Amino acid sequence: MLPDATETRPIEGVGAFVLRLRGLILKELRQTFRDKRMIGLLMIAPMIQLLVLGHAVNLDVDHVPTLLADEDRTAESRAYLDGLTAGDAFRRVGVVDSAQVALSEVSAGRVPLAVVVPRGFAADLGAQRPTRVQVLVDGGDSNRAIVAQNAVATYTLRRSQALIAARGLPAGAALAPVRIETRVFYNPSMNSRIYFVPGVAATLLLVVTLVVTAMGLAREKESGTLEQILVTPLGGATLFLGKTLPYALIGLIDLGLVLGVGTWVFSVPLRGPLGVVFFAGGLYLMTLLGVGLLIGALARTQQQALVAAFFLIMPAILLSGFATPVENMPTWLEPVTRLNPVRPFVEVMRGVLLRGAGARDLAPQLVTLAGMGLVVFSGAAAVLRRRLG
Amino acid sequence: MPSEPETVVDVRGLTRRFGAFVAVNDVSFSVTRGEIFGYLGANGAGKSTTIRMLCGLLAPTDGRATVAGADIAREPGRVKRSIGYMSQKFSLYADLTVAENLDFYASAYALSGRLRAARMDEALELAGLADRRDALTRELPGGLRQRLALASALLHRPPVLFLDEPTAGVDPLARRAFWRVIRELARGGTTLFVTTHHLDEAELCHRVGMMVDGRLVALDTPAGLKATHVPGTMLSVGTGAGGEAGTRAVMAALAGMPGVHGWQPFGLRVHVRVDPELAGPGRLAARLAERGVATADVEATEAGLEDVFLALVRR
Ligand SMILES: Nc1ncnc2c1ncn2[C@@H]1O[C@H](COP(=O)(O)OP(=O)(O)O)[C@@H](O)[C@H]1O
Ligand SMILES: [Mg+2]
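Sequences listed follow chains A and B, in order.
So that you can map any letter, position 111 of the first sequence is 111 in the working numbering, and since no number is skipped, the others follow by simple counting.
So that you can map any letter, position 270 of the second sequence is 270 in the working numbering, and since no number is skipped, the others follow by simple counting.
It is possible that part of the hints are untrue.
[Said to hold, decoys possible] Not close to chain B: a few residues of chain A, all C-beta gaps over 12 Å, as computed:
#1 79
#2 89
#3 99
#4 126
#5 134
#6 162
#7 336
#8 338
#9 355
#10 358
[Said to hold, decoys possible] Using C-beta positions, here's what the derived DEER-type ranges look like:
#11 39(A) - 89(B): 25 to 31 Å
#12 213(B) - 35(A): 39 to 45 Å
#13 385(A) - 18(B): 20 to 26 Å
#14 385(A) - 42(B): 34 to 40 Å
#15 39(A) - 172(B): 38 to 44 Å
#16 15(A) - 32(B): 32 to 38 Å
#17 113(B) - 37(A): 34 to 40 Å
#18 18(B) - 33(A): 37 to 43 Å
#19 114(B) - 367(A): 46 to 52 Å
#20 39(A) - 244(B): 30 to 36 Å
#21 15(A) - 18(B): 52 to 58 Å
#22 374(A) - 113(B): 35 to 41 Å
#23 7(B) - 338(A): 57 to 63 Å
#24 35(A) - 113(B): 58 to 64 Å
Because the hints were derived from the structure by calculation, they are not lab data.
Quick caveat: nothing in here was measured; it's all calculated off a predicted structure.
Beta carbons are placed, not taken as given, at the ideal position from N, Cα and C, and that holds for glycine.
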């Protein structure tokens, strides 16, 4: 029998490399998406966490001590202020008759919130002219400030709608008769949620990619499948790429999802070039996946891999400046925070999203991320080759 | 057409230490093309450690070996291209389907195009899973799983195959089917190195090496091993309706009987290895009767590898 002229032998060279890498990536993705828990961990958990954590910021604030300033001293102004403090949101700490007093109390930090009804409030309403109420907020506690401001706004909107209805105007003519004017002290943008999202995104990527890669490799070791792979001619480089590329892809998709939720649910602005965020995300993922594979290569069991991953994750989050500003940490910790990839990535995200910074402004962070990525990635490749090759 | 047997696996003084512990101790042997080489030994004897060194998974501490002409220490890449390996653990992906597992290994061995399709079909055929390509591997019975593992280790048609306890946990019928495949491969020229602790399987090997505590203590054909290590006669004593209690009574009576080297329950019979002077079945029956066990059912039988193994371990 004559041998078939086409492809009667395994192929060699670049073709073989591509074929092997494709096979490995396909296998990783099939395994990942076969496991429902894995889909949950990789795709759904980040969304839920972001939603929960994002909302947790403004869930637990009520009974805000509130100073009332009634400059109008009419039945209408009294009714407005009584209604405001009737619910659980605000606790009336006193009533004064001048905006000046309220201003000095808030700016001195003696009371976090003051609501001022200016002179002419009742007259404006009577003349069917729009009028305004002033809210003075101590922004130092930004969560509380946001809640307080929102609660005043909600209350005022309801009252306005009641007034519109009482005058027999159609709902469509909803030009609010009472407008709110807010003045915030100390933290004018009150961007706590906005400030929060980049940190959450960075830590979610950290947890997901580190745990999945470390556990994935440890699992292959534990079950003996790694040994089976190692007797095939599939080389160390192929194995390394096949074990990182699928998760880099999933990580970037996660980043996109988190940014989407941040934008739509929490109104995080996207002021700068999104490409820079994803570029930084790619570099950040190189470090995380490299560390994940290092853990997987050194751990003997999945259990060990999990413990080691969390042992690194906790300090990485705490020392990232994500919750506590790095400036507030003891100085001896400063060098440690410099080794933390979470920090520059959070800085890039905040810079691009909130300040509209571009690649040039963020060059130091990008260089740091690239350096870390290359060192860790090639280090992990070398260790993997030595330990398993 | 007779030809010089071609040496495919050549092992010289192979040694592996783990710390102070010597798992494989100065082992030498060679395996020729088309041979089924059985590696027999108790748990911890060093069987898997030997195989893992020969597959390039573990570096030897001392000694050297070539597999299909490639040195295991210096050319592990060449070794990997010429071997198939089934590890002791089930090492396919339990969460992938039959076809997905084969697909992965076909890629790992860089099979493409028509060759890939043909080899995958052949593998499904060999595993007897042509109609269950989409079954999750986890859900297959043990025997089928092992055949699938064998089929995927054969995708690239390796000239040498290392099987580490391939039939562990497989039912007797499936074991027999598995061994039919092994013998067919050998007839086709594949060289097989098989570890086992099933002695009936060792009987099916062309030659058997016996490992005790890291040392290769005997190496020969099954018949040769028996002739060398359990010479003399093997008698088989039946206990009639006595059942297990009868078997125990026979063994109790054998204890300390002169001329008796050893015995071994064998179903409801007892195999007794005796000096030639006790060789006649009648003589043993008489001795047993003296000790209060009356049985007329004593016959000559053949020694098994189990007897060889016990003799070697006892030494
Ligand atoms: N990686 C290792 N580290 C330390 N000891 C090992 C290692 N691998 C095997 N051993 C020891 O070497 C001995 C032989 O093991 P192995 O070759 O697996 O035996 P077998 O396959 O014959 O049951 C055992 O005592 C085992 O505990
Ligand atoms: Mg073993």
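Right, here's what the structure says about each hint:
no. : hint                        : result
1   : 79                          : holds, 67 Å
2   : 89                          : holds, 52 Å
3   : 99                          : holds, 68 Å
4   : 126                         : holds, 74 Å
5   : 134                         : holds, 63 Å
6   : 162                         : holds, 60 Å
7   : 336                         : holds, 36 Å
8   : 338                         : holds, 39 Å
9   : 355                         : holds, 45 Å
10  : 358                         : holds, 42 Å
11  : 39(A) - 89(B): 25 to 31 Å   : holds, 27 Å
12  : 213(B) - 35(A): 39 to 45 Å  : holds, 42 Å
13  : 385(A) - 18(B): 20 to 26 Å  : holds, 22 Å
14  : 385(A) - 42(B): 34 to 40 Å  : holds, 36 Å
15  : 39(A) - 172(B): 38 to 44 Å  : holds, 41 Å
16  : 15(A) - 32(B): 32 to 38 Å   : holds, 35 Å
17  : 113(B) - 37(A): 34 to 40 Å  : holds, 37 Å
18  : 18(B) - 33(A): 37 to 43 Å   : holds, 39 Å
19  : 114(B) - 367(A): 46 to 52 Å : holds, 50 Å
20  : 39(A) - 244(B): 30 to 36 Å  : violated, 55 Å
21  : 15(A) - 18(B): 52 to 58 Å   : violated, 40 Å
22  : 374(A) - 113(B): 35 to 41 Å : holds, 37 Å
23  : 7(B) - 338(A): 57 to 63 Å   : holds, 60 Å
24  : 35(A) - 113(B): 58 to 64 Å  : violated, 32 Å
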